[in-house]
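Residue numbers (numbering that gives the first Met the number 0), protein chains in the order written: chain A, 0 to 342; chain B, 0 to 342; chain C, 0 to 319; chain D, 0 to 319.
These aren't lab readings, by the way, just hints derived from the structure by calculation.
Think of the CB as a built atom: it goes at the ideal place given N, C-alpha and C, for glycine as much as any other residue.
It is possible that some hints are incorrect.
Unchecked claim - Partial chain C-side listing against chain D, Cβ under 8 Å, derived:
no.: 1; residue: Met101
no.: 2; residue: Leu134
no.: 3; residue: Pro294
To be verified - Residues of chain B placed beyond 10 Å of chain C at every Cβ, according to the derived structure:
no.: 4; residue: Asp119
no.: 5; residue: Arg147
no.: 6; residue: Ser179
no.: 7; residue: Val217
no.: 8; residue: Leu290
no.: 9; residue: Ala292
no.: 10; residue: Glu304
no.: 11; residue: Glu322
no.: 12; residue: Leu325
no.: 13; residue: Phe327
no.: 14; residue: Arg336
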Amino acid sequence: MAELAGQAVTAGTASPPCPAGHDPAGLYRSMRLIREFEECALGLVKSGEIVGGIHPYIGEEAVAVGVCAALLPGDLITSTHRGHGHVLAKGSDPAAMLAELCGRATGLNQGRGGSMHAADVSAGILGANAIVGGAAPIAAGAAWAARRAGSDQVIATFFGDGALNQGVLLETMNLAALWSLPVLFVCENNGYATTMATSGAVAGSASGRAAAFGMPSVTVDGMDVLAVLGATTAAVARARAGQGPTLIEAMTYRYGPHHTIEQRIRLSYRSEEEIARWRERDPLDIQGARLPAATRTLIDAEIAEVIAAAREFARSSPEPSPEGALEFLYASGLKGRGGVADG
Amino acid sequence: MAELAGQAVTAGTASPPCPAGHDPAGLYRSMRLIREFEECALGLVKSGEIVGGIHPYIGEEAVAVGVCAALLPGDLITSTHRGHGHVLAKGSDPAAMLAELCGRATGLNQGRGGSMHAADVSAGILGANAIVGGAAPIAAGAAWAARRAGSDQVIATFFGDGALNQGVLLETMNLAALWSLPVLFVCENNGYATTMATSGAVAGSASGRAAAFGMPSVTVDGMDVLAVLGATTAAVARARAGQGPTLIEAMTYRYGPHHTIEQRIRLSYRSEEEIARWRERDPLDIQGARLPAATRTLIDAEIAEVIAAAREFARSSPEPSPEGALEFLYASGLKGRGGVADG
Amino acid sequence: MAKLSYAKALNRALADELERDQSVCVLGEDVVAGIAQFTLGLAKRFGTDRVIDTPISEQAFTSMATGAALRGMRPVIEFQIPSLLFLVFEQIANQAHKFSLMTGGQVSVPVTYVVPSSGSREGWAGQHSDHPYSLFAHVGVKTIVPATPSDAYGLLVSAIRDDDPVVLFAPALAMGLREDVTSELVPVPIGSARVRRPGSDVTVVAVGHLVSVALDVAEELASEVSIEVFDPRTVYPFDWELLAGSLERTGRLVVIDDSNRSCGLGAEVLATAAEEMHLVAPPRRVGRPDGAVLPFALALDRAIQPGHDQLVAAIRAVMK
Amino acid sequence: MAKLSYAKALNRALADELERDQSVCVLGEDVVAGIAQFTLGLAKRFGTDRVIDTPISEQAFTSMATGAALRGMRPVIEFQIPSLLFLVFEQIANQAHKFSLMTGGQVSVPVTYVVPSSGSREGWAGQHSDHPYSLFAHVGVKTIVPATPSDAYGLLVSAIRDDDPVVLFAPALAMGLREDVTSELVPVPIGSARVRRPGSDVTVVAVGHLVSVALDVAEELASEVSIEVFDPRTVYPFDWELLAGSLERTGRLVVIDDSNRSCGLGAEVLATAAEEMHLVAPPRRVGRPDGAVLPFALALDRAIQPGHDQLVAAIRAVMK
Ligand SMILES: Cc1ncc(C[n+]2csc(CCOP(=O)(O)OP(=O)(O)O)c2C)c(N)n1
Ligand SMILES: Cc1ncc(C[n+]2csc(CCOP(=O)(O)OP(=O)(O)O)c2C)c(N)n1
Ligand SMILES: [Mg+2]
Ligand SMILES: [Mg+2]
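Full structure from sequences and hints, please.
Following this line, the structure appears as structure tokens:
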């Protein structure tokens, strides 16, 4: 793994990768951005400025950053309910993302999507998806369209360990393998689907599922961004060369609750010791240790400013007007009838 | 395989298996019954006495018979759109089955189900299912209920190669493996899903799918009833002992059209030579050759009579009365409103 | 007697039925932890072989419940979000619902599907905020939307004991309701509606959490118009007889319900009333717009949901 | 000009759009062989990279079409049986339909779903005989049920060019229809209905294959009552304006359609008419019973389907 990862870091910098870059500081910076963004968002949930809560990504930053750093700016991703990290790693503006979470007109989706539906097509983000497993076939379809258009675009579709038991994901793996589609199936195995431990839900394994469809797979340390970057770089090369999909299983952990609602309920599906054990291998520390201390301090300070500015932007942005509640419902412009009969 | 099969034929006759028996003549008899039943049904489709057509099972008889012969009378099965063979092999009355196909009140389902929904709960048949992959989770649920009730019942769920790409089947395999359910997943791989060759639809393989969930699998010659019986007997023993599910892939072939409608369309998805090649290994001939010629003749004659009587029974049976069209719609007896407002 | 919350009523119904009948079990995601409230404490009391956590395989476990029901069990399935009913529509509408007729009455499928917190929960946006009970009313699966804690209890008990599949929607906006329970909790028959407040000028059919809204409006407009608040409780089968009686008196009809307008429950009630019942003025319905997708931002989400002001306007319109 | 069959009209629409626009493609099971008629000959003409056989993975390929549409393609998906729409309800109602709003208009999802031979085909029984267009009208996905070959052509062309998801149902009982095509085949706008026969006493809204039935009845009862036959063509969005005009003249309404009664299209038409339009007598609808599951035996299957006799009775009832 280390071998692979080592290769990757030095390879392929001819065209600039997005947006973390392959350089150690860039990777760290991107992870720090996600961490601080999430901390900020948690505060805004607490203050009621983000309505409905979020699924925090804290602890899993190396996965999003490692995967997205292996992609080119023109490549694509789809994301999940726990999607802030993916969106930021792929290069969306954190201010517009935060504005989206706050339901502002300046948000990525003009306040229509929120945490679970953030999309930024201009940055190659075809949308978070609130349905477990729901994005994978959409990603495969986009990959299929890209191939038909003669493009060498690659698409990474993120999903959790819980999605490994969702039929549509398995159907999609079959189709992607069958048609050699340039899809990276990125399984963020954080050990749990809400309160359900992976071992209680998954017979066999993630890699076994890939093998079922003749698809290569690799399991990596999801706390080490270089490991993720290395594995992904290899998979991207295969996909771009027309050799089809790869499953990347990143072993990772979420430090926080499944969803901020969980903070209101006492749950005991995992131990404090387990959380502490994973925190010892914090992805930011692992990558941070590879940098001069001064660089790290500089980046941290820079990110603090970026996030403060983002918060300021979100807070000061206007809310969308209720008259426009049904805007965008039909791309064709059709206006359906309202909920009450006229006259 | 022959080894396994050989074992099976001599083993386990302590409690009488149903209904073919493990004896060579019984197995042949059961296959002959299915073959003649299907020929008869094809005639009734032609004459219009069976409305809508059927999916003929001719060529695949060894699978249904081999599997069902390994089960006890109290065991269960679920079936498919191509289900006549399963229903007969499990022991339903051919006359009541034929009456069902003809839409008669004396049919297994009182004429409510027809070819694709034949059910006979008293014989352990929880129903054919018209939705590809649709029966597998129902079978798993029945197996789960049996286990909870302390029974050692086993359930075999039949499906085609086409179902290997249906999400719900894969979800079910995971659950059955996870919960060690006494389910036999019987894949009748006849090389095609309608006009789609297996190789054009299935990345990987059937056994690879089982392996994905840590489930053992076996691929057998589906034209040799002893091979099927042997493999199934081993799987049944495992299931009854609480060791969980097995996938049995039986390599087989349908001689006829996917559905009788196909006879009206010119299709060219497979060659005459291919059909001829498979016909050379006819399951009835393979098993018939293991019997004294006289025995075979006797059985053939007996079956001819059984089928003639079944046809007579079906033809002379009354049709259900249209007033009862919505009978059984709600088990609770609820009567919904008709399609037209009263008064 | 104590205040009973809606969530607790569902929980108690389940506990009572698990206690009473060994064939009852509960399946779903995170039901052991009870994160949707509904199953809190049940795994501890009844064991994890009767309250069972499933993988995220809704299609498989929904049809597994069908299979288990065919063998004598009475499974209750919890879905975490209303739109999961889209995902298992095949398994409910085309499998569970059809087994009895297709087999000529050989079997029944007594499965109960429960969606705690259905409809919009603030901030859950497009894919988690539907309230699709009309879909089940259309295919003919028994469908319940209780408005009060005691009805939630009584209807869930009846659903579990019913020999057919039944879907129960617990509206997010009702989950927090509390009720003074003065008498014993009892089963409530499926298919029986209830007049929550008698009135003589207009019948307001209100569904689920909107019953409270209708009662408030009735009170508020009391000096202006006498409003009868009609709670169907079961949206399929609907209690047409009771409605006909109400309209016989009032002759005016407004329906307020939280489903999309086109082909929703409101349409059914208006259509049946127009066909068969006494109406002296054009009826009105209040619901979500055609094809509604709830936007995330709170003000937009609220703009799309039926509520107080629209109801007042609709009542005034039918009184004109 | 030649007689054009309904099936051939669909086939020609597809061929013309495949020809005209490289972003159009067709996906489905056995579409290369064309066993459902609809795609006959297309693979040969356009190649198997534009007319593509899929594995039996409806959920995956339905959402793949969404993904491809997000990247500029205009896929057409064929489903072999109407109930497969249950299986992909999540993918259409909760994904494809919602992308435009949820993304704040960043994308559109121009996918067309076609079900050739929907509704009962004799002998296909419970799980293959539904006609679930009302479900899509409820969630707000554009939904078309053409009654004639030229409309089948024109509406399919419009559906493919439309920027939103569109479901087209080709009723089994219409697939054999033939029409003298005297002028060029042209696109028919989605959402525009058509009066098939003018009349002054009663408006009969008939959907799909039931338009022919309504025309026959109109002819048959011509001496008794003047019947206007109204073909909505698009069931969502419905052409309310044209209907209001028709009822302005007739004041009487009967709807005949092949979906279940409760919360079906008939309910929507009656409800909207009762709310907003001119009615001088209680309207009536003719459809399938509540919760209908079609039994296999032919006489039973037919007993449940709406048809001639019920329509005559309903017309006489509204004329009383
Ligand atoms: C199909 C579906 N089922 C259930 C849910 C409710 N739900 C949301 S997130 C989640 C757990 C997902 O676990 P996993 O895939 O491991 O991702 P993680 O939350 O661990 O990142 C569940 C059950 C859903 N959104 N979609
Ligand atoms: C989910 C689903 N998709 C499509 C169909 C239409 N259909 C009926 S049988 C069939 C082919 C099934 O092939 P296979 O599973 O290999 O069984 P076989 O017919 O070869 O026995 C198809 C596509 C269906 N009934 N259900
Ligand atoms: Mg997880
Ligand atoms: Mg096959």
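Structure-based check of all given hints:
1. Met101: holds, 4 Å
2. Leu134: holds, 6 Å
3. Pro294: holds, 6 Å
4. Asp119: violated, 8 Å
5. Arg147: For B/Arg147, whose nearest Cβ neighbour in chain C is about 7 Å away, the distance does not exceed 10 Å, so it is violated.
6. Ser179: holds, 13 Å
7. Val217: At roughly 23 Å from the nearest Cβ of chain C, B/Val217 sits farther out than 10 Å, so the non-interface label holds.
8. Leu290: Non-interface label on B/Leu290 holds, nearest chain C Cβ at 36 Å vs cutoff 10 Å.
9. Ala292: Given that every Cβ of chain C is farther than 10 Å from that of B/Ala292, nearest at about 41 Å, it holds.
10. Glu304: holds, 27 Å
11. Glu322: Since the minimum Cβ distance to chain C is about 15 Å, B/Glu322 lies beyond 10 Å and the statement holds.
12. Leu325: violated, 8 Å
13. Phe327: Answer for B/Phe327: violated, closest chain C Cβ roughly 4 Å.
14. Arg336: It is violated; B/Arg336 is separated from chain C by about 8 Å at its closest Cβ, not greater than 10 Å.
Going through the hint list in order, the structure does not satisfy hints 4, 5, 12, 13, 14.
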